[in-house]
Amino acid sequence: MTRTVIVGAGPAGIRAAQTLVEHGLRPVLLDEAARAGGQIYRRPPANFERPAEALYGTEAGRAKAVHAAIDGIADRIDYRPGSLVWNAQAGSLDVLDTATSTSRAVPYDRLIVATGATDRVLPVPGWTLPGTYSLGGSQVALKFQGCTIGRQVVFMGSGPLLYLVAYQYAKAGAQVVAVLDTATLADQAAASPRLLTKPATLAKGLYYLGWLRTHGVALHRGVRPVRVLGSDRVTGVVFHDGQSERTLSCDAVGFGHALRSETQLADLLGCRFAFSPVQRAHLPERDAAGRSSVEGVYLAGDGAGIQGADAAEWAGERAALALLQDEGMTVDPGRVSLLENRLSRIGVFRRGLERAFPFPEDWAAQAPDELVVCRCENITAGELRATVRDTGADEMNRLKALSRIGMGRCQGRMCGVAAAELLAHAAGVPIAQVGRLRGQAPIKPIPLGLSAGPEAAA
Amino acid sequence: MKRRIETDVAIVGGGIVGASAALALRRKGVRVVLLERDLCGSRSSGVNYGGVRRQGRALVQLPLSLRAHGIWARLPELIGIDGEYIRSGHFKIARSEADMASLERYRDASRDFDLGIELLSGERLKALCPWLGGKAVGGSLCPEDGQANPRLVSPAFARAAQRAGAEIFERSPVDSVSHDGSGFTLQSGDRLEVHSAQLINCAGAWAGALATQFGEPVPMTSGHPAMAVTSPMPHFMDWSLGVEGGGVYGRQVARGNLVLGGGRGLALDADRARSSRDAIAALTTQAIALLPGLRHAQIIRTWSGTEGYLPDRQPVLGASRTTPGLLHGFGFAGAGFQVGPAAGEVLAELAHEGASSTPIEAFSIGRFSAASPVSSSSKD
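Protein chains in written order, with UniProt numbering: chain A, 1 to 458; chain B, 1 to 380.
Hints in this document: simulated from the structure, not taken from any laboratory.
To give an idea of the chain A side of the interface with chain B (calculated C-beta under 7 Å), a few residues:
no., residue
1, Asp-94
2, Arg-398
3, Ala-401
Over the 10 Å line for every Cβ pair with chain A, so calculated as not near, a few chain B residues:
no., residue
4, Ile-5
5, Asp-8
6, Arg-27
7, Arg-31
8, Arg-87
9, Ser-110
10, Leu-128
11, Gly-134
12, Gly-318
13, Glu-349
14, Ser-369
Remember, predicted model here, so these are calculated numbers, not experimental data. For each residue, glycine too, the CB sits at the ideal point set by N, CA and C.
Whole structure, please, built from the sequences with the hints as guidance.
This is the structure in structure tokens:
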């Protein structure tokens, strides 16, 4: 019997598991979180009782469907929440049970990697002050804990999540002081033809915008965040609106520039990576079905490239079907082509989103020397520039060795994007050329005092 | 367009040995070109544990090691950074009376070299180091040994050599080397051709191929040390710690992180290695037995590198027996970081003056001229 393991119980992992179950398999589903659902459909603790409509808004239907899917197969899969996959080696994963600090090897023959995404953070001075959160973190507070990051909140950065989170916060009763978008109205207008390929999604975005406007939330486009103010915690933000610097008072800031894929596991598995100009990141290669360059390893969801939650569901199912096909099983060819059509169409929409919310390519040029880029190791933009200037470092791993960037607890998952931008700018080379930080175990910190459990049968 | 360079000495390999040789040669006014397949210090000498110790070395290595000790004392002046080098003391722990006796024998045998070794017995050790686990019965302290940050030091030697006028080509693998009886020609892709009167082979774990090409095969194997680092902890330990008989070793850096090493990682391919699952498991168990306070620490990163080992665990350092103008400096068996700068100076002396002031007979490549069996390098 083939041992099949899925890593990640978000929309991609859940749909993959469901598909495998429907074809008679009993996969192992490993998830770091305590409850399945992933980030966008994150579920609150079991005893919390806010209705899905309040938690997920317009996405309540989808969230409920994904949750129903995992609940419906719970007794037909080997589901292991609280399981941190921290290493991969020779057909087996190292999995830390976070409750007991026990590490077990989980062998697999076929593996679906659905590791999701985290915020893409382009820091501004003051971003390490208490009261500053990423957009995703702001959402987690709301969905998981049922609380807001502050009473008077400014959201800044760019990307669809910016408006969604602002809308959710306003609906939840927080005062949203302003939404500060680095993209311009012209960007969004230029993107509309591509965005029209998913009219329902575009309509949702326009709805959030309209709702925020009619509820008196200030919207500023084409801004440049300048700094977060405060000494012990956030007291305000300063931004440049194109003409002058302006200051807003607030007690919390949610910020981010869209999302970045969590690719470390794919890296440790030996998957080949390539630079994606659209996503401005090195991503593991995959075919239309989700097969990676390593036999038996499949990639689905935002962990393989940011495509959003709907696409994650389709990609999870498609990867599972590919796995089944590769096992010699018969799958519904109509379903396969439907999923592949949807996934290829979403590519157009994604490019539209990148056009609507373009990466602020001038960020590195504007980042002041005193800006802390890496909060684990307290490395500033100025130190990174000096390293490039003094040593000729022109590649991420060399920059890491010489400056300590990415050497802390997050291993560059938070600071890597900004460091790459600064390196490319300081060295005068294209962003694609600076490479990526090599993945190193453990993917997240593990206790030295962990006990080794017996190998878990899969 | 291919670039052709005439030089006095060509060096293959930009680790600490090759880079030091380049720097030393420039200080003698000799023209040098160094070719490194990747980035200087990326394979072994920039990713090792960072131990800068004389204690525990074979007696034949001590003259070289003492010479290196003098170079380390002048590090900032030589390479322009302090490299986080500190003479923190190197403490070798005995976990049994037999190990303690062995440390005592080493102290006696090395007495002529003035290492300043001091033996600490059980009671005194317990009073001095309450953080040591119960397994230590005593140990041997070499107060002037220490530690440094290899990822900073090794590339800095290459940059210093470059500032001194050496031409250093990174990402320039050597595809072919030929010798026409009077000089060498090195090709790197279609971009670079180097002509030199002399050639220094400092290619680390990859040096065997070059030696073989010139009729001097060596029974070299590759080793991959398993390394790990914890998140920062309150400062408790100055010494760099080793264990008699091998096993785990550790040091606490200024930020509070503990750098730990021990056991073997695994090779991913010809060029890359990482710490293995089993090595990490063994390392954590042994580290906690030695330093119980680590039980509550977290490992934030692991890594490895690729080192060249010879069966007797001594390097090859000296002139080729077959080819005039060819010099070797490789096979430092996981212990080349401290002696590397001295090995570089010795190679520079050999190239420029034809002889070295440091005794290196024990490291002659001639010791392998009778066919020797290939030995495993699994024991540290």
